[in-house]
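Asks: For chain U, the structure is supplied; the task is to place chain Z on it using the hints.
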Amino acid sequence: METGYRQFWEGYVLIENTKCACGHNNPVGTILCEYCGKPLDEAIKNSEQTIENEMRYEGKARRSQTYTTSLFDKTWAFFSSVKVAIVLIVITLIASGIGTIFPQETFVPSSNPEGYYEDEYGLLGKWFYLIGFSDMYNSWWYILLLSMIGVSLVVCSLDRVIPLYKALNNQKVIKNTEFIKRQRISHVEKIVETEKEHKRTALIESLQQKRYNVSVEDDAILAEKGRISRWGPYINHIGLILFLFGVFLRFVPGWYLSETMWLQEEEVKKIPELPYYVKNERSLVEMYEPHELPPGSENQTNFVKEYQTDVTLYQKDDTTGKLTELKKGQILINHPFEYEDLLLYQSDLKAGQLSGLELAVIDKENEQEVGSFSVDLYDIKANQVYHANGLNVKVKSYFPDFELQGNQPITKSQKPNRPAFVIEVTDPKTKRQEVSWVISGMDFENPQDNQYNIQLKDFKLVNTAGLIVRVDRSLSVMLVGGIVSMIGLVMGFYWQHRRVWVRVTNNQIVIGGHTNKNWYSLRRDIQSVAETAGLKIKLVKE
Amino acid sequence: MVQLMEYMLLATFFLYLIAAVAFVMGTRGSKEDDKTERMQKWQKIGVGITIAGALLHLGFIILRVLIGGHFPTSNMFEFTAFLCFASVIAFIVIYFLYRSAVLGAFVMPIVVVLLGYAAAFPRDIQPLIPALKSHWLYIHVTTAALGQGAFMVAFVAGFIYLIQRFGQNAKGKQAFWLETIMVLIVMFIGFSGVSLLFEATGYQSVYKHEVDGQLTEQEYELPPIVAPNGGIPEEITPFWGLKEALFEAPAWMIGQKAALTLNSVIWAIITGAILYVMLRLLIRKRMTQLVHPMTKKIDLELLDEITYRAIAIGFPLFTLGALIFAMIWAHEAWGRFWGWDPKETWALITWLFYSAYLHLRLSRGWIGTKSAWLAVGGFVIILINLIVVNLIIAGLHSYA
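Residue numbers (this note's numbering), protein chains in the order written: chain U, 1213 to 1754; chain Z, 3 to 402.
For reference, chain U alone in the conformation it holds in the complex:
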């Protein structure tokens, strides 16, 4: 394991290594000597510029730059490129933006999206649908983009963090003066030998006072603080990878479930895909009382305060078929019902739907009520018989959503929007039978010789809750990913890795500084440190 790892990172052979003037052997691709920091790359050696860009990964050789022959190396090099990562990010960004021009299919109130987009949004809408932008975020290429970003996150991070970690862990205090002078912030000043000790101590003390970790070796000083800032991006990336991993865990069977169901008050239904049953105890809509409204909107009406559904969760015993109660609870918006992994949300609430009728049987002769019976509009069996004070009332036909088509009675749906019945009343004593129509909202002329009239006495309204059934087992993975990512971001952005290198020789002082961000603050640090040593330095404008 260990040797395999070393081979992977260090290279198969070390023939072509780059030897520095200081005597250190560097791997191929090294830009700044690992040991003394002296520039090795010819182009950088000969230019006058600072080595700010090369300092990003401490001038270390990265795997992607060292190995470029095999297919794996090439793929690795491709995904290790930040340029590629940025291109992926920008493509995702632009695509996501285009996807919001028109609503996505999931938000469209139509079961025929193809026609819908063309009808609503014209030619542009048609193409939006044809290209597949109308269901973009579930498309294979969008998921591929996200996966590629994921791969890029892993490869980019590994390619950089390992050499960076090694470099920062094995830092040498004594750096080549060339390395120090070529930093973005640097200063060289002639001194006389008698001042040497005094200035050196002053520098060390004031650096320590500024909470730098100071190491001293021979004539060199290395002051460093905030190194954790360098790990921030990688920790953030680990968090993001975890998060994406959590998203992909959804595809594991049983880890993710999303179903919807309608549940009337008093109704017990099986939860789709799960061994549970749920009963709607009651659903209600609460409005704001006038006195609860804030000043300025008292005169406005109909502000909904809360939607609430009380439910009981049951489990069915396989052998006896009996339901045993597991948990009672309420669902409010923002407060789902929870039982182990199962979450029940209320996504809709239909209030005041007709669910039952109480019908009275009236004797036509004396206009007296003979009796009455209740009908559950959702539960009428074929030829069901009700009893009204000794009379047998049989429902011969039931039309929940009555309409006349031509001369034929039909039902438009199974919802009791306009219930109608063909009812047969039988008097068991006289054996007399008569048939009559009962149509809600209509005074239907029944045969003259009928003895009874059937009239609406009362009705029952019921509320129906639209529930979302959700199981999402990878939520905790994603949450951990989010937390890790935040820790990384805070480390990376609210800390700064600052380093100051100093060489105090008999006739000169060389100071150089590097930071991964906030150069202005580092300038101020070095300025004030140098001033305590009496150096004539001007890094910050007043």
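What the hints contain is simulated information worked out from the structure, not anything from laboratory work.
Possibly wrong hints are sitting among the right ones.
[What the hints assert, rightly or not] Chain Z residues, not near chain U, derived (Cβ > 12 Å throughout):
1. F16
2. I20
3. I47
4. F178
5. I234
6. T239
7. G243
8. I271
9. A275
10. L284
11. Q291
12. L292
13. F327
[Unchecked claim] Simulated crosslink set (EDC-like; lysine to aspartate or glutamate; CA at most 20 Å straight-line):
14. K135/Z to E1498/U
15. K372/Z to E1550/U
16. K1750/U to D126/Z
17. K1750/U to D301/Z
18. K135/Z to E1504/U
19. K345/Z to D1347/U
20. K135/Z to D1522/U
21. K1517/U to E334/Z
22. K1517/U to E1501/U
23. K135/Z to E1550/U
24. K1517/U to D126/Z
[To be verified] Derived contacts from chain Z toward chain U, CB cut-off under 7 Å, selection only:
25. A332
26. E334
27. W342
28. I351
29. L354
30. S365
Here a beta-carbon is modelled for each residue, glycine too, at the ideal position from N, C-alpha and C.
Replies: For chain Z alone, coordinates are given in the frame of chain U:
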């Protein structure tokens, strides 16, 4: 109480305005010798008044919580006003890191414009709809707004950078786009001005139109130039002989208040254009040329760093507020942590954009002009999310 709250908002507005003037004074030193002392005096006054304004703004928020019973981030006015507050807080933090008066001379006027824009929306306290009844309303929105406030400061620093480099030019692509941003800012001023003017006169017109099969009233607080699609005039107050809207909004604008928004945009363009032409006649040069001298005294490299630092401060806050907290709340409220609602998607786009910015800067060495333009572009995306997505594209977030 409600009256007091309105006065507090007004006072906050004027304090921000005075602070803006003080900061502008702090950038003008005519004589070399007494320049620094005089400038520092103005700078101190500026930051003092800014802090006073922020405290008063905080007082306004607290009073509104007491009156309304919930944190004021539940509609367009409340959110935009809070975004101003967040921008001021971010500016104060950045100010104490870098002590730059020039930054204040640009941030504070833009805050004033943004607060004016906020005030152009209905300011009544509305009772909370059930979907917003959650602690996450203020945890999620305030954190996201603080991040956006920092991005706003980054935008301004980038803008100053560009003006210093290119603002004196009367020609060139860079100068042209800078002037375009100036024109956009003037349009915001025009819109806020004209809205507040009509509000003072109590102007109102009503159109009725169908939304999801229900006849809904649309109350115009600016004279209707554009009517809702299929709208029926209900009660029109004539303005300058304009007795009816000139045309209808196209059908594809599906936001519930699409026509109102389009109407506002048209008013903003008209008033902005008039204001801009008047200004140009008055100053006889480009606006960027007018403000260019103010930017001379600040180091370009420092501006570049402020831009980056502000984004570095804002990015974790934005990630936490606009993505992580948002997902937690979405999970609680809607049963899914992410649903590709337009507002969510645009928050992701904003985040991806700033991620690209950070990678370009840190790994590809994009500093200076490129970095400054990206900071400007990022804030444009935030404004798109605030204005266009909220009002034109319908979604779960369009409460305003």
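Asks: Give a verdict on every hint.
Replies: The hints, checked one at a time:
1. Here F16/Z stays apart from chain U, with its beta-carbon at least about 23 Å from theirs, past the 12 Å limit.
2. Against chain U, the non-interface label of I20/Z holds: every CB pair exceeds 12 Å, the least being about 27 Å.
3. Every Cβ of chain U is farther than 12 Å from the Cβ of I47/Z; the closest lies at roughly 20 Å, confirming the non-interface assignment.
4. Consistency note on F178/Z: stated as away from chain U, and its beta-carbon is indeed over 12 Å from all of that chain's, at 24 Å minimum.
5. With a least beta-carbon separation of about 21 Å from chain U, I234/Z lies farther than 12 Å from that chain, consistent with its non-interface assignment.
6. With a least CB separation of 21 Å from chain U, T239/Z remains clear of the 12 Å interface cut-off, as annotated.
7. Every CB of chain U lies more than 12 Å from the CB of G243/Z, the least distance being 33 Å, so the non-interface label holds.
8. Every CB of chain U lies more than 12 Å from the CB of I271/Z, the least distance being 22 Å, so the non-interface label holds.
9. The claim that A275/Z is not at the interface with chain U holds, since no C-beta of that chain comes within 12 Å of its own (minimum 27 Å).
10. Taking the minimum C-beta to C-beta distance to chain U, about 34 Å, the non-interface status of L284/Z holds against the 12 Å cut.
11. Look at Q291/Z: its CB is around 25 Å from the nearest CB on chain U, clear of 12 Å, so calling it non-interface holds up.
12. Non-interface call for L292/Z relative to chain U: holds, since the shortest CB-CB distance, roughly 25 Å, exceeds 12 Å.
13. Taking the minimum C-beta to C-beta distance to chain U, about 10 Å, the non-interface status of F327/Z is violated against the 12 Å cut.
14. Distance check on the hinted pair: K135/Z and E1498/U sit about 14 Å apart at the alpha-carbon level, within 20 Å; holds.
15. At roughly 50 Å between alpha-carbon atoms, K372/Z and E1550/U are farther apart than 20 Å, so this suggested pair is violated.
16. Restraint check for K1750/U and D126/Z: the C-alpha separation of about 56 Å exceeds 20 Å, so the hint is violated.
17. Among the hinted pairs, K1750/U with D301/Z is consistent with the structure: their alpha-carbon atoms are about 14 Å apart, no more than 20 Å.
18. With a C-alpha separation of about 15 Å, the suggested pairing of K135/Z with E1504/U holds against the 20 Å cut-off.
19. Note on K345/Z and D1347/U: the hinted pairing holds, with a Cα-Cα distance of about 17 Å set against a maximum of 20 Å.
20. For the suggested pair K135/Z and D1522/U, the alpha carbons sit about 18 Å apart, so the restraint of at most 20 Å is met.
21. The hinted pair formed by K1517/U and E334/Z meets the criterion: a straight-line CA distance of about 18 Å does not exceed 20 Å.
22. Between K1517/U and E1501/U, the direct Cα distance comes to roughly 9 Å. Compliance with the 20 Å bound is thereby established for this hinted pair.
23. At roughly 19 Å between alpha-carbon atoms, K135/Z and E1550/U fall within 20 Å of each other, so this suggested pair holds.
24. Between K1517/U and D126/Z the alpha-carbon distance is near 18 Å, which keeps this suggested pair within the 20 Å criterion.
25. The interface hint given for A332/Z is violated, since its Cβ lies 11 Å from the closest Cβ of chain U, which is over the 7 Å cut-off.
26. A least Cβ separation of about 5 Å between E334/Z and chain U falls short of the 7 Å threshold, and the interface hint therefore holds.
27. The restraint placing W342/Z at the interface with chain U holds, with a minimum CB-CB distance near 5 Å, inside the 7 Å limit.
28. Checking I351/Z against chain U by beta carbon gives a least distance of about 5 Å; that is within 7 Å, so the hint holds.
29. Checking L354/Z against chain U: minimum C-beta separation of about 4 Å stays under 7 Å; hint holds.
30. Satisfaction of the interface hint for S365/Z is found here, the shortest Cβ-Cβ separation to chain U being roughly 4 Å, below the 7 Å cut-off.
In summary, the structure is inconsistent with hints 13, 15, 16 and 25 from the numbered list given earlier, while agreeing with the others.
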